[in-house]
Amino acid sequence: MFLQKAPTEGKPEVRAGHGAYFPFKPWRVMRLTKALILYIPALIGLGLLTGCDNNPHTPALRKKRADGSPWIVTYRAFPQDPRSLDPQFAYDEISHAVLSNIYDTFLTYDPLSEEYHLIPMIGAELPKYEPQPDGTVAVTCKIKPGLYFHDDACFPGGKGREITSRDFIYAFQRMSDPKVECPIASTLQDYLIGFEDAYNNAEKAGVFNYDAPFKPVEAVDRYTFRINLKKAYPQIKYWLAFWFTAPVAREAVEYYNGKIIDGIRHPLFRFHPVGTGAFSLHDWKRGELIRLVRNDNYHTLRFPAGGWNVDVNSYLAPLANSQLPTLDEVQLIIIPESIPAWILFKQGWTDSSGVGKDIFNSVITASQELTLEFEKRGVQLIKDLDLDTWYLMFNMKDPVLGGNVKLRQAMVLAFNADTYNEIFGNNILHMTDQLLPPRMFGYEASFKNPWRETNLEKARKLIAEAGYPNGVDPKTGKPLEIVLDTEAGSSTERQSAEYDRSQFEALGIRVRIEENLFTQMLEKQMKGRYQLVSAGWSADYPDPENFFALFYGPNIVPVGHNQSMYQNAEFDHLFEKMATMEDTPERADIIRRMNKILLTDDCVIGPIFNRVSYRLRQPWTPYFIKNAIVGQFGGLRYGVIDTALRKEKQAEWNRKKYWPLLTMIIIFGIVLGYGIHKRRQANV
Amino acid sequence: MFRYFIRRVLYMIPIILGVMVITFVLFNMLQKPETVARRLLGPKASQQAVANWIKQRGYDKPLFLNTQPGQRLLDSQFVNYMVSLATFNFGVSDATGQPVIDRFKEGAIPSLSITVPAFFLGLALAISLSLFFVYVRETSIDFAGTIFAVALMSIPVMVYVIFGQWLFAVLLKYFPAYGFSLQGPDMVRFLALPVAILIFGGLGSDIRLFRAIFLEEIRNDYVRTAYAKGASPGAVLLCHVLKNGMINIITLTVASLPMLILGSLVLETFFGIPGLGNMTLDAIHNSDFAVIRATTYVGTLLYLVGLLLTDLCYAWVDPRIKLQ
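Chains as they are written, first to last, in the numbering used here: chain Z, 410 to 1093; chain D, 6 to 329.
Okay, chain D solo, but in the shape it has when bound (with noise of 0.2 angstroms):
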């Protein structure tokens, strides 16, 4: 276990640099230094101001290697920005001079604070009403829950947004549109539509998948035998199937706990919700490359987390699993 640990760690590495070689080459394909001194600067920036601008962060230096007389070879924009984010170093960002850390410690509540209930209550939601249509299967219940599961994977979360702004907020006036608050009563005030929104736009897709987890598990031996033992179909349900069906809901959804720091893109920016979400996109909007390659750093360092306990897990919940 120990040895797979480690060689899974090992493993990561080149994943992480290429993703990061991948990102820089194209942030510099695409935004040049300049462009982007001038769209933070303004359009009237004198090119002094540009030009100190651009030295101020390195981004004077030769992409990957410093070939010119007299310069360390490895003095190079693409080596020191590698070694600053090997090192936790994610300096500051180029749009406000903020260091980026802070960014991230003042973000990441405010993220978890949807993220984390609108994972846990969904995945409740989701299990219960699985059950019930696994419970229910081939009749016109389960059909139609099969038709409400595909109407909701197929509606884009903007939609969800934008109508429970409309319904909520606007039409029967029972929760904030905008704002954030973690304090007190006032913060179920806030978190309680953009996490039932939330919740609903992930609903659809978890309830077909633990529907098909729980229907593979009701047709093996030990579902007919609790039967022959004379179980309910509750305490089938519940004792047997769920609890089995667990090691694969765990497995899968584990994978993604890692990521929910990252928090929402849209929601976010919709509800202003001050997380890491808003700040990427507000870091894109920017051109601001420094904040961009600190979230696609933690990004594909959490993903590739979340991948590595998914593994682990196996093992760990299912004893027949051997990890080498």
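In isolation and in its complexed conformation, chain Z is listed as follows (with noise of 0.2 angstroms):
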């Protein structure tokens, strides 16, 4: 009943309505509003920050094996989901990532070389080259017996059954049926007897008859099956070790077909692999989580028997020639955004981490070291070489910079590869003379490219020579423009665009910045509408074979990825002879002179790169593979993790903080305390 009462003189009021005025009592209001406001979200808080700790790992299967050790599992961080996991289909390196640990190939690389050596896997030994009277070439393969598939529904029983010459052939059918879009299919019709029949006598009818007598690979008997080539092609064993060949089952297939079949919905294979490899598929949480399990009966491989550093030897040598996998779970976490990602990894939750730009700084010195504190970590910084080469392009069907190679050959030279390295590389780019990149057959260290080195002197002259006197064309008087295409994706392709400019408006000439999309980019890549680009190549298999056939004028746009529209006689003749060659000194004077040729006489490409990728990887992963494509891919096989050192850490890494929220609550109540004091002396 206060709006009975007069108000008082001198207290605050408050204006309710028009004309209606009641005193404002401040507590009043706490009352009627603080348990909503305090109490409830101040228990919940209180109940949240106690239970809860920032572990982002969902549950293992098990906490413990069969035999009482504990349960191991690797957690890593994943950029995104594969796009398929069927092994005939995928051509990515997410894909490539999954699939190369589900399964197994006829032959892989050796873990402890840093060359690119093959070893046999399901293999018993490595392919046998049987050239045939008629130039026809026979590879007999040979698979080691009493190898299986994962145990899965499709399987009578559940039981996998035994892998046989029939699952290698069934892989190469699925590669010549068009409704599978392998994406090798093209590569393979060129080599393999009978193959590019098979896909178009398949795209005629609709549907590819499996049941029908293949050509272009044939079982001998249960354990050995027969790739017919038409010509010598020694790649052909690279594709062995490549994840499109794998095994399939093709009960797997048929069974797992998107239908729904007594009322169970089966997934389409694509999503369901049935493999041979050390882990098989548990689940896929599509945005979140893949989760492999160990394969109980893998017999594929071991644990190899040495060949590794003295400082890891402790934790490897009990494990030599023990049976695969170490570990018994693999969570791939997937996150896109590299914020988070290495948040994870900082606090522990994940086993290993790629070195981004955006954190490069802060883990990586000048020296190419890890920073005191990650050593302090005892974080281990792993250096691998990528197998790929990068550059930039002329377009050799350019009436200006195709037909000039002196104004080509000025342009290289004068641009400062190495300051571009320090700027663009954080300096860990390998710059380098040559197109093939090291640790490959046919890459020589003492191959010098006269226009590798910045020499910007000889290259005025060279301009000068080119018909370009200090950049000006004498036809028009003004500066020759070069149009640069580049993809607009990002601020550092737009800075080094940029510094491509400085570099060759250095010797007077203009270049155009064109910016493009990266449809836009690729459409004029594939129809070689550009004058000059930045580009490069990631290889399938480590063979010259693989990157000189970008030069090779039959390969041209858009028949094949020839974008430099280059045509060489004797660059085309040099090539077709060294691709069918085995690896000879013979090969490697060939591959010298087509360097020459393509680098040095004909200066098709600028200033040569090839990436190398830093991994971090935590103090509880030991580490021993020396070659880049098992460590990328398929190296959780040989994955080792010290459990007890990762609880250790992760507990002393991840101790909670209550003193800035108790700090935080002790203000907010001192001033809301100090606040309901005043009011209340102001309204007694």
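Since the hints were derived computationally from the structure, they do not count as laboratory data. Accuracy of the hints is not assured; some may be wrong.
Claimed, not checked - Pairwise CB distance ranges (calculated): (1) Z:Glu782 / D:Leu257: 44 to 54 angstroms; (2) D:Ile289 / Z:Ile670: 28 to 38 angstroms; (3) D:Lys248 / Z:His1086: 27 to 37 angstroms; (4) D:Met264 / Z:Lys553: 33 to 43 angstroms.
C-beta atoms are modelled at their ideal positions from N, C-alpha and C, and glycine is treated no differently.
Work from the hints to combine the two standalone chains into their complex.
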């Protein structure tokens, strides 16, 4: 009944509605709302904070193995979901990183060799090449008996059956089935007898006949199959180490067809792989987690007997020659953003991490070593040379650049590649004189490309000899204008293009940068509608043929990948010869000659570099793999985790801090209490 | 009422058609099927593989009308695409080949698990705070509250996400910086931080809006009558002002209810919540037109349903309004 009281002089009043007055009493408001605003959230908050921690892991499938030893899980951040886990379809690195742990191949790379040496995997021995009188080649492949597919519902009784030569043939049949959309089908058509016919017949019929005889690959016996090549093609061995040729069980493809059978929805085969590898897919929650579990029946490979560095010997020596894999469960956590992925690694919740450009300077010093903080933590830095080559590429059909070798040479000579490396590559790019990356057959450390050095004076002389003294076009009297096409994907790409311009403009020419969307850029490159562009190639396999094919005349786009539109009869002749040769000194001589024609004489591409991947591993993951391909793909089967050390470090790095919150609560309480006290005093 | 409902449903058809035409035209202007195929199959894919991919998905057909001899006139990309949407047959993802409807089913629950609690808790908090600010209106507390609300409104959601992750997951280590689970107590651990961020992201604008609504109400004659009858300020606010103000609040918020299923693009990506927001962003990155068109279609439909519900709610909660 306070409205009946007359307002007290000097007391605060608050207008309520039109002309209605009542005294302001904040403690009444507090009574009304404090339960809602303060007590309930405070109780919930306290409950959460005491019960919660920052462990982001999905609980492991088990705590202990059947023998009572601990169940070992590795946690890895993964940038995105694989597009497909169908080995005959997937063609991206993300899918490969998963597939290589689920499917085994006939051959694989030796994990202890920096060079790309192949060793048998499912194969009992390396393939045997038998040239035939008609010029064709039969490649005989023998597989180890007693190897099995993963246990799966697609097999009778749910038990995986033995791998036979039929499963390899089925994989090749799937590659020639147009509906599978195998990306290397057109490559294999050029080399495998009858592959193109099988493809075309299936396309015409609308369905592939898997029961018809298949000429490209035939069964010799239960454990032997023969690949029939039109001509010598030594690179077939690399395809046998590639997941496209991994054996596939026909039962699995037919069972996982996306249909509802007996009330159960069968997923598509591309989402439910049934392989032969060290791990099988347990579950895949899109955008969240891919979980692999140990294949207890895995006998294809064993842990290496030795050959690792001394510092990891105490961990690895007890595992020598033991059964693989050493881990029980793999959790690939899908984290598209780099910030959360880095947070989890720093907190010890993931076992490895890449070194992105955002964090590079906080992790790596100027001398390319770990910073003190990470060194103290015991983090290991792994440096892998990627199997790729990057460069600036001239359009050889362009009337200005294509027909003027001296102009191209002058431009390359004016380019300071070392400064580029410093600014854009954190000084870790491998600047090179030749097309092939190191550790590959054909790479020669002694090969010198005269245009690799930076010599502006010499470049100016060359551009004058090219017909453009001081960069001026005599026809127009103005500086020669060159268009540099770049993809406007990020600020780094723009800055890189600006750097390229500054290098070339030192010659007096003018460079116009044209920014393109990814799609426009791709179209320009596929149609050869550009003058100068930044390009590169990640190899499918470590053979010189895979790199030099980019400049082989008959491969000019859109038929092949020769986007430089380069055509040179001698180069093409040498390529044809080199492509079908074994790795002999003669082959090395031909590669040297091809490098000279391409880079020195014709100067088709500019400053060349190879990328180096930096990866971090936690102190509890002893690492011994020397081969970059195995390290990036399939290395999980050799993974070792010191779980005790991990637990200790995780506890140390993730102690909750209560003091900031308590301080905030105390300050808030004081301020609120003081406010209420003052109001009460004012209303007395 | 029924006639009004039918009329509104019929109005939806040209709107949906318009949105889908714009989506179709924009996508085909920006992304040629060949480029999408190359992006998905990889730059090394052969010309044949690209052509095969395009054919398998029907992107080789004419855009609007098929005037090729021997072909059906309506066998075109646009007509096929509209027919499939009208029958809720969303087809398969261009990027993965997975049925789009399966992706919707998988993503709906994770999205709802953050948007529903955030919506209701945020609403309760915004109503409580705005009532409080109305009570203390024209005082320094009200002024401070207004500044607080404007500040909350001005900060982009991204800042809340990054700051929230840094403070609670990195510095204080109370919650996981990333991850998702709907199993038992883990659910609270994983959802607390994203839900809190989502609440704070919308709190400022809600406080401002609800405060304005309640201020409008408190100046009405019935409030003065209530005071004259001796009701306490608390009773007036909670029993009269809140009740009448809720009419406006319900009608304003009901429009966003159907949209809750679509989740939050930024939040889901940063916290690893496998919801529909995450799926949409993934589809945009991959140029997955099949998923983008399905999401746009469902989004448009839900938005229109929300607007219709709003209008129906007006008539339902306010007897003075008659829908004709």
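Ascending list of hint numbers which this structure does not respect: As far as the earlier hints go, only 4 is violated by this structure.
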